Amino acid sequence: MSQRDKIRPHTIIALVEDRPGVLNRIVSKWRQRGFNIESLAVGHSETAGLSRMTFVVDANTDAEQVVKQVDKLVEVVNIRDISAEEIVSREMAMIKVRVDAGNRSHIIEIADLFRASIVDVSSESVILEVTGDGAKVDALFELLSDYTVIELVRTGRVAMLRGSASSHPRDGHEEPERYEGPHTW
Amino acid sequence: MAELTGAQMVMESLVREGTEHIFGLPGGANLPLYDAIPQYYPKVRHYLVKHEQCAAHAADAYARVSGKVGVCFATSGPGATNIVTGIANAWMDSVPLVCVTGAVISALLGRDGFQEADITGITIPITKHNYLVLDVAEIPKVMREAFHIASTGRPGPVLVDIPRDVFQQKAEFVWPEKVELKGYRPRLYADPAEVVKAAELIAEAKRPVILSGHGVIISQAYDEIRELAEKGNIPVITTLLGISGFPGTHPLYLGMPGMHGMYWNNIAIHESDLLIAAGMRFDDRITGRLKDFAPNAKIIHMEIDPAEIGKNVRPTATLQGDVRNSLRELNKLVKSVERPDWFARIEGLRRDHPSITVRETPDVLPQYVIQKLYEATGGDCYVVTGVGQHQMWAAQFFWYDKPNSFVTSGGLGTMGFEVPAAMGVQVAKPGELVWSVCGDGGFQMTLQELATIAEYDWPIKFAIINNNSLGMVRQWQQLFYSNNIVATPMRNPDFVKLAEAFGILGLRATRREEVEPVIRQAMEHDGPVVCDFQVKEDENCYPMVPPGASLEETVDLPTYEDERVEVTA
Chain A
1 MSQRDKIRPH
11 TIIALVEDRP
21 GVLNRIVSKW
31 RQRGFNIESL
41 AVGHSETAGL
51 SRMTFVVDAN
61 TDAEQVVKQV
71 DKLVEVVNIR
81 DISAEEIVSR
91 EMAMIKVRVD
101 AGNRSHIIEI
111 ADLFRASIVD
121 VSSESVILEV
131 TGDGAKVDAL
141 FELLSDYTVI
151 ELVRTGRVAM
161 LRGSASSHPR
171 DGHEEPERYE
181 GPHTW
Chain Z
1 MAELTGAQMV
11 MESLVREGTE
21 HIFGLPGGAN
31 LPLYDAIPQY
41 YPKVRHYLVK
51 HEQCAAHAAD
61 AYARVSGKVG
71 VCFATSGPGA
81 TNIVTGIANA
91 WMDSVPLVCV
101 TGAVISALLG
111 RDGFQEADIT
121 GITIPITKHN
131 YLVLDVAEIP
141 KVMREAFHIA
151 STGRPGPVLV
161 DIPRDVFQQK
171 AEFVWPEKVE
181 LKGYRPRLYA
191 DPAEVVKAAE
201 LIAEAKRPVI
211 LSGHGVIISQ
221 AYDEIRELAE
231 KGNIPVITTL
241 LGISGFPGTH
251 PLYLGMPGMH
261 GMYWNNIAIH
271 ESDLLIAAGM
281 RFDDRITGRL
291 KDFAPNAKII
301 HMEIDPAEIG
311 KNVRPTATLQ
321 GDVRNSLREL
331 NKLVKSVERP
341 DWFARIEGLR
351 RDHPSITVRE
361 TPDVLPQYVI
371 QKLYEATGGD
381 CYVVTGVGQH
391 QMWAAQFFWY
401 DKPNSFVTSG
411 GLGTMGFEVP
421 AAMGVQVAKP
431 GELVWSVCGD
441 GGFQMTLQEL
451 ATIAEYDWPI
461 KFAIINNNSL
471 GMVRQWQQLF
481 YSNNIVATPM
491 RNPDFVKLAE
501 AFGILGLRAT
511 RREEVEPVIR
521 QAMEHDGPVV
531 CDFQVKEDEN
541 CYPMVPPGAS
551 LEETVDLPTY
561 EDERVEVTA
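As they're listed, the protein sequences go chains A and Z.
No gaps in the numbering here: position 13 of the first sequence is 13 in the working numbering, and each next residue is one more.
No gaps in the numbering here: position 237 of the second sequence is 237 in the working numbering, and each next residue is one more.
Treat the hints as calculated values from the structure; they're not laboratory data.
There is no bait here: all hints are sound.
Pairs of lysine-lysine residues, derived as BS3-like cross-links and limited to a Cα-Cα distance of at most 27 angstroms, are as follows:
| id | chain 1 | residue 1 | chain 2 | residue 2 |
| --- | --- | --- | --- | --- |
| 1 | Z | K402 | Z | K429 |
| 2 | Z | K311 | A | K72 |
| 3 | A | K68 | Z | K182 |
| 4 | Z | K68 | A | K72 |
This structure is a prediction, so every number in the text was calculated from the model and none was measured.
Work out the full structure: start from the sequences and follow the hints.
In structure tokens form, the structure reads like this:
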């Protein structure tokens, strides 16, 4: 494990069948080891019937064994830890901030600085929408702590590999065979 | 095909999968399923157990010795939760099992209906996969997948939960031609480059040992493991569940390793320069303190489950795939090497540490009972055990020459397994002799099945190794808890009278000279027999690797004065 891997949280992506209970099965493997999931984003993938998940777990987590166990689940088509790969990862956050006539322009200035959009305005509040890596969202939230943040919601990280390769290559299919019949030495 | 009810679909699927025997117990939610059973008799026979846990254990043991998928039925709620231990047992020991449970009607799911338990949720961590079927038309596909998943790759239990109303609905029965599961494709053939590497490691090794596990039995690689041992001139150690995967009286066979393994095996592993692991997973009961496990050894790991590779040890060569395929490829490349020094060393260890011998005492030693069982049967029987001291003695003092003839609860360590498992073995092997070696503690966890055994007249012979205590736990209290004996002595019932109450012959041996006649009498009797062997109560199981110690620190056979073992955790 390189130094860089140690300080970066694990980013794990999975392609899974879109069925009831799948999330429960996967999360159960992390729970059994007592591992906390920092964020989890789930949505449809490019293929009908398959969902794509992005997990973020703490850097100190021994993720390798759990990833292998999750891979064994029947409904998990592919899973990989892409923490050490060249990836693009993003998350989106919405932050509702209390404003008044005096500070509204300051907040809009901060939003501009972060290329955040104002997606809702009322006389007493604005909602900022920001997209970026986790650090960017953290930084914006930090700056806004001088004001009154009413609420914050984050989607959790989504990630994919850079370049033209698919993040989830499909490997060949081997037909399992059964052995039958009695046996003697 | 005409329309079938969901219940008929389950039964029709079982017939198509070749199921002949089912263990189970009916209740409200699976009544429609039981309603359909007579239509499929005698193609499929159902055996009524007295507790659902035993249905699962019986199906588990049936699967182990028949090589087929075991099937059990239970109703919703308590019926389903009662099989949880049985499912966990099959999960830990990689046994193919399909459990069909009834659920409350679909309208009541998740609404705390009478006898509702979320059994699919409960069994997620202990099944290979499970299903809640809400569409009757899906039953054939689900059943086909369940059998496929249970029996292929690393085998394991699959649970199919069907609400009562779905059992009763009708649809056309469409049997899928093949199973298509995007996320399930067990790898069966190892990377050829790794096979070459493994063969090179074997050629270079001076002190190799084969660790043969349950995978060898599951994949029926009996000939292949033997060929590797004989061709490469390599001694063979079998794990607890690997016992009877290699002939017990073969000159290359060394017995079992680990916590109560033979002393020479633990030292041999410690001194080995190459461990050839075939279908085993380096369980903590085998490795002892992991960081000091086999410090000088490179490891070849033949294993079908990718999640087991690198879990406890880092192999030098990894042959991921069916162990039989891996062995076949490897055997093509293995050359014979003379290893006189290594065999001399092992022989020396065996000579200087003869811990697997039965002492001469006036008491009935439990080891003596096992030894006499071996002599009386000539090893030509199936031996089933529970968990604890008797289990270890049955592993140490009996030499298994019959392939796959030792049936025990390994990974989960389920006391009480010995009674229902013997039923499963007897059903799978109707004409054969089945000896169930029981602990007095475990026997009392599942003895209600004596009624089942009497009812079906299964001629199982039970040998209760009766020390009037939970012996292994008492041994730990003695050795590691300052001899503070708490909640382990037991006042047992009169097992002979108990057997008689069930209509079963009961026999007792309290003296050494009574052991052999009791065994003979039991074997001459046509029906089931319960033998109560009243053994020396404070006998302990050795050798022993204290918890947290390394294999090198194996305590061979202490005299009783210095029995206290220093523990280094």
